[in-house]
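Asker: Here are the chains, one letter per residue:
2 protein chains.
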Amino acid sequence: MKSLILSFQIFIMITKAEIIAIGDEILIGQIVNSNASWIAWELNSIGIDVVRMTAVGDSTDAIISAMEESGSRADLILITGGLGPTRDDITKKALCAFFHEGLRLDEPTLNEIKQMLGLRGIPLKEVLLEQALVPDSALAIRNSIGTAPGLWFDKKGKVWVVMPGVPFEMKEMMSARILPELRNRFTGSVILHKTILTQGMGESRLSELIEDWELALPSFIRLAYLPQPGIVRLRLSARGENERMLQQELDEQIHSLQQRIPDLIFGYDDDKLEAITGQILAQYNLTISMAESCTGGYIAHLITTIPGSSKYFKGAVVAYANEVKISKLGVSERSLIEYGAVSEQVVCEMADGARKLMQTDYAIATSGIAGPDGGTPEKPVGTVWIAVSSAKGTTAHKFLFNDERTRNIHRTAITALNMLRKVLIEREK
Amino acid sequence: MKSLILSFQIFIMITKAEIIAIGDEILIGQIVNSNASWIAWELNSIGIDVVRMTAVGDSTDAIISAMEESGSRADLILITGGLGPTRDDITKKALCAFFHEGLRLDEPTLNEIKQMLGLRGIPLKEVLLEQALVPDSALAIRNSIGTAPGLWFDKKGKVWVVMPGVPFEMKEMMSARILPELRNRFTGSVILHKTILTQGMGESRLSELIEDWELALPSFIRLAYLPQPGIVRLRLSARGENERMLQQELDEQIHSLQQRIPDLIFGYDDDKLEAITGQILAQYNLTISMAESCTGGYIAHLITTIPGSSKYFKGAVVAYANEVKISKLGVSERSLIEYGAVSEQVVCEMADGARKLMQTDYAIATSGIAGPDGGTPEKPVGTVWIAVSSAKGTTAHKFLFNDERTRNIHRTAITALNMLRKVLIEREK
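Taken in order, these protein sequences are the chains called A and B. Counting from 1, one number per residue, gives the positions in the first sequence under this note's numbering. Counting from 1, one number per residue, gives the positions in the second sequence under this note's numbering.
Chain A extracted, bound-state conformation (with noise of 0.2 Å):
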C-alpha cells in the first residue's frame, strides 16, 4: 500500500476550468472576448487548465444551459458579464434559476457600495442598491472599484465564480482575491513564464540558430515563439510541483540562452525599448533628440508615450521633404544629389545636424523607403538608412525591412531604439 501512496505523488493534479463570457455585444461580434484570454492566462499561470471557453447571450436560458454543459465537465467554473445594474443584465437571475435560490441582502457589499457613492457625491439609486443582492448560498467577492460584486459559490466540489464584464473591473477583483483563493484551493501544479525579448533577427533565422537550445529544454519546459514588428518575444512556460526548482531550472535555461545571444536579447516580460533606453538617458543624465524622415515622428511618439520622458528628451525635427533636411537639420544639397535621400551620407548628416539643433548628447535619424510607392531596383520599398549620433561620432546601418507601410515604420522605430540602446551602453560603460 505504502508503494502504492508513493506513486501516486508523482502525478500533478490537473484541475479543469472553464469559462463562460454573457453578453449579446460579444455575440454580435462588437467586442473581441479579451477577457477569457486573459483570465485563461493567468489561471495558467497557477497551474489550472482552461479545457473551453463558451460565449452566450443576454439569455436566461443561454446562460443555464451553458452552465450546465460546463458544471458536467469542469472543476472550477468562471462566468463573466451580465451584473451590472441595466435591464439586459440577467446573470443574477440566471444563478439563482439555476442553484434553485433566492437572493439576500449582503449588509457589506451595501455598506460598501453606499461609501463608495457617498465619496463620490452620487445619489443613492434604488437601482444600484440593488447591486447588494446577491443570490443566498453566494459569497460577495470585493469589486474596488464599480458597484457589481463578484461572486462564489461553493457547489459539490465545484467551485463557480462570477465577475463583472468591465475589464478592468474583472481584473483587479480577479488578481487581488479571486487568484490567491484560487491558488489555495487548487494546490496543483505551479506555472511559471519568462518572455526574453530579441530584437534584430527574424523569427526563422533565430529559431535555427538556438534550435540546439530549444532541443535540449527539459521537458517540463516549453517555449513559444511571439513575433512582432522588430521584435521577438520567446516565452518560457514551466510546469511542476516544486516553484524553487523550476524557478532555478528557468534561470539556467535563460542564462544559457543569454550566453548565446547576447546582442540579441534587449529585455524581458513587459520591458519596452523606449522606456529602456529612457532609464539609460535619465541614470547618466543624458538628452535625445530625432531627426525622422521615413518614421514621419513615430520615434519621438514612442519615446514620450514614457511618463517623465521630458527629463531626456528636448525635441525632434520631422524632416519629410528634401528642403526641410536642408534648411533645417544642415544636410547638404550636394549630399542629397549625389547620394539620394536614403543613403548613409544623409541619414548621418541628419542625426548630426538634430543633436547640433537640439543641442542633446544623442541624436538618432531615420531615411527610407516606408512604401507603398518610391521603391527602385537599387532601393526597393523597405530599405531604410538609421543613424546615431553623439560627440563621440556617428554610427550608421542599412536595413532591407520590405514590409508594407506601417510594418516599415514601425521596425524602423524599433531598430532605431535597439540602436541607441546599444551604443549608450557601449559608450557610457
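Honestly, the hints are just simulated from the structure, not real lab data. Check before you lean on any hint, since a few could be wrong.
From the derived model, a few chain B residues whose C-beta atoms are all more than 12 Å from chain A [stated by the list, open to error]:
1. Q115
2. D271
3. L336
Below, in silico cross-link-like pairs of lysine-lysine (DSS-like), each with a Cα-Cα straight-line distance of 27 Å or less [to be verified]:
4. K356/A to K356/B
5. K16/B to K93/A
6. K311/A to K92/B
7. K93/B to K311/A
8. K16/A to K92/B
9. K194/A to K171/A
10. K92/A to K114/A
11. K398/B to K16/A
12. K379/A to K16/B
13. K398/A to K311/B
14. K155/A to K16/A
15. K16/B to K92/A
16. K379/B to K311/B
Even glycine gets a Cβ: it sits at the ideal position worked out from N, Cα and C.
Given the coordinates of chain A, assemble chain B onto it according to the supplied hints.
Answerer: Quick look at chain B alone, frame taken from chain A:
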C-alpha cells in the same frame, strides 16, 4: 389557407449559427479569439444570428463533444482552426470520426496546391500533399492564400463550414466564397450597417443631444455607441427583408442626423481623419506642418501613415523643451514666462513659427499637460491648447481631456486633425 400563407410572410426567418474555434493557443490565453468576433459580425450583416461561441483545445474528444452540442442546437456551425499541416492540427481526423467517414483525395485541391507550390518554387512535401485529403462527403473550399482548403458539409438540413484558423486565410475564404453561399442558402433577413463618425463631444452628452432622434428610429433600426479616444462612432443596423427599402430608410435617418449635428460628423464607416484631411490638402494643392509639444510627434505619425502623404506633409518640429520652442519655432521667451507653455499665446506662436519655418500653407500646434505629472490647480492634467495657423489667420482652442497620458495624447491628436479639417473646409470653400 391563402391568408395563412400570407401571414407567414411577415415573419423573418432567423438562422441560428454557432462558432467553434479549435486551438490550444486560445485556451492558454496566448491569442484572443478574434476570428469568432469577425465571423459573428459578418454573419450578422447577412441576417444570421450567432447564438453561441465555443473554444476548445487540439483534442479529438473535445472537438467531437463541441460539435455534438452545437449540432444539437444550431442550423449552421462554423469551425476554425486545426486544418494546417503540422502534427497538432487534428480537425480533419475529428471530422471523420464525427461524421463516420474516411478521407478522399480531392483532385482540384491537389492541383491548386501543386500550382501554388510550383509558382513559389517550394518543393512538394508529402505533408503538404496531405492537405488535399478531405472527408468523403465534404466539398473542398478553395484557399487562395494557403494550402489548407476549407470544408463544407451538408448534413440533415444543417450546414457545417470548416475553415483554417489563420485569420487572413479565413477572412479571404469567408468573404469570397462562404458568405455569398450562406446568403443564398439561408435566405433570411438582410442587415445593413452604416457607421457615422463623430468628433468633439463625449458619448453621454452626445446621447442626450440626439435622444429624440434615437427614440424616433423605426424598430428595425438599432443604434450602438462605439467610443474611441476622441471619437464616438454611431453604428446603425437595419434589419428586414427588402434591401432597397432598408437602404432608403437608413439614408433618411442619417440625413436627419446630419442636419441635427453637422459640426460633429466628420466621416463614415472606415474613414480616418488623417486620410480625410490629407485628401483635402491634396485636392487644393496645399501643404501642412506641425509644431508638437504634448503630442510628441503623434500627429506627424498619423499623417505619415497615409501612403502619398509626402505630397502635402513637409515636416514637423517636436518641441518638448521650452528652449526648442524658443530657438526652433521662434516662440518669445516673454510669452513663455508670462503665460506658460500651455497657453493660447504660446500655442499660436508655435503654429505660426512652424508654418514659417517649414514654409507650408497650414500648420498645427499642440501644447498641453499629458500627465501623469505636471498638473496644477489652474492647469490640471489633460489641459490642452491646439492652434491651426494659415496666412489668413490663427485659430486656437482650449480643451480639458482629463484622461491618462496615452489617451490624452490620442485625443489631442484627433481633435487637432479635426480642427484642421474644419478650418480647411471653411477657408478653402
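Asker: Indicate, hint by hint, whether the structure satisfies it.
Answerer: Structure-based check of all given hints:
1. No beta-carbon of chain A is positioned within 12 Å of the beta-carbon of Q115/B; the least distance is around 24 Å.
2. The beta carbon of D271/B sits about 17 Å from the closest Cβ of chain A, which is more than 12 Å, so the claim that it is off the interface holds.
3. Listed as a non-interface residue, L336/B keeps its Cβ farther than 12 Å from every Cβ of chain A; the least gap is roughly 15 Å.
4. A threshold of 27 Å between alpha carbons decides the hint, and for K356/A with K356/B the separation of about 21 Å falls inside it, so the pair holds.
5. Of the pairs offered as hints, the one joining K16/B and K93/A holds, with about 24 Å between alpha carbons and a cut-off of 27 Å not exceeded.
6. The hinted pair formed by K311/A and K92/B fails the criterion: a straight-line CA distance of about 58 Å is larger than 27 Å.
7. Only pairs whose Cα atoms come within 27 Å are accepted, and K93/B paired with K311/A is rejected, the gap being roughly 60 Å.
8. A threshold of 27 Å between alpha carbons decides the hint, and for K16/A with K92/B the separation of about 25 Å falls inside it, so the pair holds.
9. For the given pair, K194/A sits about 21 Å from K171/A by alpha-carbon distance, which is consistent with the 27 Å threshold.
10. Simply put, K92/A and K114/A have alpha-carbon atoms about 21 Å apart, close enough for the 27 Å limit, and the pair holds.
11. Among the hinted pairs, K398/B with K16/A is inconsistent with the structure: their alpha-carbon atoms are about 54 Å apart, more than 27 Å.
12. As the CA atoms of K379/A and K16/B are separated by approximately 53 Å, the hinted pair breaks the 27 Å bound.
13. Our distance criterion of 27 Å between C-alpha atoms is met by K398/A and K311/B, whose separation comes to about 25 Å.
14. Straight-line distance between C-alpha atoms of K155/A and K16/A comes to about 16 Å, which keeps the hinted pair within the 27 Å bound.
15. Under the criterion of a C-alpha separation no larger than 27 Å, the hint pairing K16/B with K92/A is consistent with the structure, at around 25 Å.
16. Proposed proximity of K379/B and K311/B is contradicted: the alpha carbons are some 38 Å apart, above 27 Å.
Violation of the numbered hints given earlier is confined to hints 6, 7, 11, 12, 16; the remaining hints are satisfied by the structure.
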